[in-house]
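Protein chains: 2
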Amino acid sequence: MRNFKIVLSYDGSDFQGWQTQPGYRTVQETLETALQTLTGEARVRVNASGRTDAGVHALGQVANFFSGLHIPQHKLLGAINAHLPADIVVHSIDEAAQSFDANHDAIRKLYRYVIHDGPTPSPFLRKYCCPSKRRLDAAAMARAAIVLEGRHDFHSFETEWPNRMSSVRTITHLAVNRAGDTIWIDVEADGFLYNMVRTIAGTLIHVGRGYWPESKVAEILKVEDRAEAGPTAPAQGLFLMRVTY
Amino acid sequence: MRNFKIVLSYDGSDFQGWQTQPGYRTVQETLETALQTLTGEARVRVNASGRTDAGVHALGQVANFFSGLHIPQHKLLGAINAHLPADIVVHSIDEAAQSFDANHDAIRKLYRYVIHDGPTPSPFLRKYCCPSKRRLDAAAMARAAIVLEGRHDFHSFETEWPNRMSSVRTITHLAVNRAGDTIWIDVEADGFLYNMVRTIAGTLIHVGRGYWPESKVAEILKVEDRAEAGPTAPAQGLFLMRVTY
Numbered sequence: 002m003r004n005f006k007i008v009l010s011y012d013g014s015d016f017q018g019w020q021t022q023p024g025y026r027t028v029q030e031t032l033e034t035a036l037q038t039l040t041g042e043a044r045v046r047v048n049a050s051g052r053t054d055a056g057v058h059a060l061g062q063v064a065n066f067f068s069g070l071h072i073p074q075h076k077l078l079g080a081i082n083a084h085l086p087a088d089i090v091v092h093s094i095d096e097a098a099q100s101f102d103a104n105h106d107a108i109r110k111l112y113r114y115v116i117h118d119g120p121t122p123s124p125f126l127r128k129y130c131c132p133s134k135r136r137l138d139a140a141a142m143a144r145a146a147i148v149l150e151g152r153h154d155f156h157s158f159e160t161e162w163p164n165r166m167s168s169v170r171t172i173t174h175l176a177v178n179r180a181g182d183t184i185w186i187d188v189e190a191d192g193f194l195y196n197m198v199r200t201i202a203g204t205l206i207h208v209g210r211g212y213w214p215e216s217k218v219a220e221i222l223k224v225e226d227r228a229e230a231g232p233t234a235p236a237q238g239l240f241l242m243r244v245t246y
Numbered sequence: 002m003r004n005f006k007i008v009l010s011y012d013g014s015d016f017q018g019w020q021t022q023p024g025y026r027t028v029q030e031t032l033e034t035a036l037q038t039l040t041g042e043a044r045v046r047v048n049a050s051g052r053t054d055a056g057v058h059a060l061g062q063v064a065n066f067f068s069g070l071h072i073p074q075h076k077l078l079g080a081i082n083a084h085l086p087a088d089i090v091v092h093s094i095d096e097a098a099q100s101f102d103a104n105h106d107a108i109r110k111l112y113r114y115v116i117h118d119g120p121t122p123s124p125f126l127r128k129y130c131c132p133s134k135r136r137l138d139a140a141a142m143a144r145a146a147i148v149l150e151g152r153h154d155f156h157s158f159e160t161e162w163p164n165r166m167s168s169v170r171t172i173t174h175l176a177v178n179r180a181g182d183t184i185w186i187d188v189e190a191d192g193f194l195y196n197m198v199r200t201i202a203g204t205l206i207h208v209g210r211g212y213w214p215e216s217k218v219a220e221i222l223k224v225e226d227r228a229e230a231g232p233t234a235p236a237q238g239l240f241l242m243r244v245t246y
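Protein sequences appear in the order of chains U and W.
For the first sequence, counting from 1, position 229 maps to 230 in the working numbering; every step adds exactly one.
For the second sequence, counting from 1, position 124 maps to 125 in the working numbering; every step adds exactly one.
No lab work stands behind these hints, which were simulated from the structure alone.
A quick note: this is a predicted structure, and the numbers were derived from the prediction, not measured.
Please note that the accuracy of each hint is not assured.
Chain copies aren't distinguished; within one or between two, either way the pair holds.
[Stated by the list, open to error] Taking lysine-lysine pairs in the DSS-like style, the calculated list, with each CA pair at most 27 Å apart, reads: (1) 134 <-> 76; (2) 6 <-> 223; (3) 223 <-> 76; (4) 76 <-> 6; (5) 217 <-> 128; (6) 134 <-> 217; (7) 217 <-> 76; (8) 76 <-> 128; (9) 134 <-> 223.
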């Protein structure tokens, strides 16, 4: 069996997230069904860098799967995409080392959270951002976010999940930028806790609205208590941008 | 009754076009229903600058309607949008002269046709562009398009429609530009024939692919025969950008 590495994007709007769940349309199951049809193999299992939740999008998700597939390399990409619906697109496929594991081998992931705070929302962005009726102070959000960079216990920024060993992660990059009516929060880390980016986004939105002073973010981090942080921002603003190996 | 002028955008993906048709979800009917609920009036008729077809989008559609509405100006926009689904957004509402007619008073309209010709399509653009597997020569398309500017009989570029008096129109601006994997064709004219922009797009795509020489466009224009032009490009790449009065 060969071990294939794929990089893919998907519009998460019409998926109940990555992971296969009986009775729901998921990215994993849609991919596996397409690969089973393509390869004629009874069971192809696709292993992603990580799950994404319902409504979350990906521009650079990475996954691997084992298959005896013997289509020539230059025809492989077209063949896979021909079996996929238009809301999943594979951008590259390459044979990887037998030991490559898209989940365990990921050393960093970059997520982007997108907010739109124009005077009226955009009908084209309704599934691809978090709308804010109030204009946010992106510069204050950027300053407030600085304390999150580095190695910390992010327990205040996770939705608790059974069997989690540790809430310590390292954020290697965190930036808040604005262009026109769009604000995006980029967070790159060596790993993410459940709902971590969405909780950071919800917290920074409270700062941007002026509900909280910039210094509140450092306090939240210190107390290690989820109840102190802001709300979990909606899924449709979140994009998995890049996975580094 | 006051005469209100609105500027609105809509994502045409889930509408069977602008015009009310029994049994279908249309922009006109959705707007009229919302305005009837808001005003409490039995019948509000919304008159647009022009119809858009199923799947066609608008960023700057203009329409007018008569109503006895007495909500203060600063609350009007919020009140209307609160009654609309997320795929229609009204960006401005102002009282116009009693004589204002969004259809008859339009002196120019600007449409944009969007094409994506990257190595793989984008799942996020699947409803908002025409995908092209082959890389197009946008510079050749731009040169070929020049002959269409000005006052001509555009009979070769229209889907015939009953009772059309004349196929003579004036294109005041026609430009083809590329940024990355996206090409957009802007066409501004004093009026448009049925499927005119989509037929121009389909013709220029043939030139961009190298099927036809640049000189072919002038020949098509001259023969005044729809059969000579390229195919009607798909609706989802078309956006009504701006209406000038």
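Verification of the supplied hints:
1. In the homo-oligomer, the alpha carbons of residue 134 and residue 76 lie at most 27 Å apart only across protomers (14 Å), although the nearest pairing inside one protomer, at 47 Å, exceeds that limit.
2. Neither within a single protomer nor between protomers do residue 6 and residue 223 lie at most 27 Å apart by alpha-carbon distance, with minima of 39 Å and 53 Å respectively.
3. Taking the shortest alpha-carbon separations for residue 223 and residue 76, neither the intra-copy value of 53 Å nor the inter-copy value of 42 Å comes in at or below 27 Å.
4. Within a single copy, residue 76 and residue 6 get their C-alpha atoms as close as 15 Å, which meets the 27 Å cut-off; across copies the closest is 54 Å, which misses it.
5. Taking the shortest alpha-carbon separations for residue 217 and residue 128, neither the intra-copy value of 30 Å nor the inter-copy value of 41 Å comes in at or below 27 Å.
6. When the C-alpha separation of residue 134 and residue 217 is checked against a cutoff of 27 Å, the pair qualifies only within one copy, where the shortest distance is 22 Å, while the shortest distance between copies is 50 Å.
7. Proximity of residue 217 and residue 76 under a CA criterion of 27 Å is satisfied in neither setting, with 54 Å inside one chain copy and 34 Å between copies.
8. Taking identical chains as interchangeable, the C-alpha atoms of residue 76 and residue 128 lie at most 27 Å apart only when they sit on different chains, with a minimum of 26 Å there against 33 Å within one chain.
9. In this assembly of identical chains, the alpha carbons of residue 134 and residue 223 never lie at most 27 Å apart, being 30 Å within a copy and 52 Å across copies at closest.
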